[in-house]
Amino acid sequence: MYNDTHIQANLSTYDDSEGLLTTSVKITIVVVYMVVCVVGLIGNCLVMYVIIRFTKMKTATNIYIFNLALADFLVLFTLPFQGTDVLLGFWPFGLSLCKVVVAIDYYNMFTSTFTLTIMSVDRYIAVCHPVRSLAVRTPHRAKLVNVAVWLLASGIGVPVMVMGQEEVEPNGSIECMVVLPDPQDFWDPIFGTCVFTFSFAVPVAIISICYGLMVRRLRSVRVFSGSREKDRNLRRITLMVLAVVAAFVVCWTPVQVLALNQALGKVDLGGSHAMVTLMHFCIALGYANSSLNPVLYAFLDENFKRCFREFCLPASSAGTGRGGSRLRSRPNPPPV
873 MYNDTHIQAN
883 LSTYDDSEGL
893 LTTSVKITIV
903 VVYMVVCVVG
913 LIGNCLVMYV
923 IIRFTKMKTA
933 TNIYIFNLAL
943 ADFLVLFTLP
953 FQGTDVLLGF
963 WPFGLSLCKV
973 VVAIDYYNMF
983 TSTFTLTIMS
993 VDRYIAVCHP
1003 VRSLAVRTPH
1013 RAKLVNVAVW
1023 LLASGIGVPV
1033 MVMGQEEVEP
1043 NGSIECMVVL
1053 PDPQDFWDPI
1063 FGTCVFTFSF
1073 AVPVAIISIC
1083 YGLMVRRLRS
1093 VRVFSGSREK
1103 DRNLRRITLM
1113 VLAVVAAFVV
1123 CWTPVQVLAL
1133 NQALGKVDLG
1143 GSHAMVTLMH
1153 FCIALGYANS
1163 SLNPVLYAFL
1173 DENFKRCFRE
1183 FCLPASSAGT
1193 GRGGSRLRSR
1203 PNPPPV
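Sequential numbering of the sequence shown, starting at 873, is according to our numbering.
Read the hints as simulated data drawn from the structure, not as lab findings. Be aware that a few hints might be false.
What the hints assert, rightly or not - Estimated spans, in silico, between C-beta atoms of each pair:
1. Leu1016 to Ala1073: 24 to 34 Å
2. Glu1182 to Phe949: 23 to 33 Å
3. Val907 to Val1122: 11 to 21 Å
4. Glu1174 to Leu969: 32 to 42 Å
5. Arg925 to Trp1059: 11 to 21 Å
6. Asp1054 to Arg1089: 50 to 60 Å
7. Val1122 to Val1040: 30 to 40 Å
8. Arg1104 to Trp1059: 46 to 56 Å
9. Leu1136 to Leu1024: 41 to 51 Å
10. Val1129 to Leu1006: 25 to 35 Å
11. Val897 to Pro1042: 48 to 58 Å
12. Ala1007 to Glu1174: 46 to 56 Å
13. Glu1174 to Val1122: 19 to 29 Å
From the three backbone atoms N, C-alpha and C, an ideal C-beta is built for every residue, glycine too.
Using the sequences and the hints, build the whole thing.
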């Protein structure tokens, strides 16, 4: 039974509910975690590298993407520990690492949603107020906003780190969980509702409003800047940000809804094998989002695609041979 925590408090460490998982399900979950971890760490490292390495990648949008990649990298780094917890059915890594993992879960949750919200507002300014955006959308300001996002996320990350505890279950196993103050029946629904509201519902509402206004603007205006090439790139980047936001909503909606219902006492996620299995696979889907973003950048953004190619195939990208010459002769899309 869930008594000291709920699904949002720690997205992978539970009490004796792991006993309801079959060995085959545990192995499947761990394999999914490891694949997501490896693919995501490599992909997000590559994203951060190309943004740091190539001057042309230091746009306001890409600075926000760097923040998203950093948050994803940190949470993916915890998956081997969380996978071990699922496989063994208890937390073997001690209190300090427990607090770190719990805090990273929350930092990732809030920095990701805050950053995606800011990216959507940034796109709205670029599309609907192109003249004003020249002064507002600068890399320096984007860096300051990123710092503010982490400071704001610390408002939940630091308290959760303090509340992260190792608890001994009735069966003798040790579990890492967030222990809310007493009376927990009072704080659980408040905590769960606040997390759902500020890490999901409000950001998604703001994002939806921004994209609704952008769609109306894009339909009514054919040329924004007088340059069809720049306008085409503006639409392409807007589509990429929309794809990243959509992937986030699809991947995180199931676990967010389960978490809210658990906190409000409407569902007992530890009551049956089916519910526990569903819970863990919803969590895995949420983590999979952290490895999906680099794939979206590679497919939807020409500059990322070109920089990835330069990193992976430096000889051909340097212009050695006909293929490399053709690649070099193509102008980079203007930053927007």
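Against the structure, the hints come out as follows:
1. Leu1016 to Ala1073: 24 to 34 Å: Holds - the Cβ-Cβ distance for Leu1016 and Ala1073, about 26 Å, lies within 24 to 34 Å.
2. Glu1182 to Phe949: 23 to 33 Å: Between Glu1182 and Phe949, where Cβ atoms are some 26 Å apart, the hint holds.
3. Val907 to Val1122: 11 to 21 Å: Hint holds: Cβ distance 19 Å, inside 11 to 21 Å.
4. Glu1174 to Leu969: 32 to 42 Å: holds (41 Å)
5. Arg925 to Trp1059: 11 to 21 Å: violated (46 Å)
6. Asp1054 to Arg1089: 50 to 60 Å: holds (51 Å)
7. Val1122 to Val1040: 30 to 40 Å: holds (38 Å)
8. Arg1104 to Trp1059: 46 to 56 Å: holds (51 Å)
9. Leu1136 to Leu1024: 41 to 51 Å: Violated: the Cβ-Cβ distance is about 25 Å, outside 41 to 51 Å.
10. Val1129 to Leu1006: 25 to 35 Å: violated (40 Å)
11. Val897 to Pro1042: 48 to 58 Å: violated (23 Å)
12. Ala1007 to Glu1174: 46 to 56 Å: The hinted range 46 to 56 Å is violated for Ala1007 and Glu1174, with Cβ atoms some 26 Å apart.
13. Glu1174 to Val1122: 19 to 29 Å: holds (24 Å)
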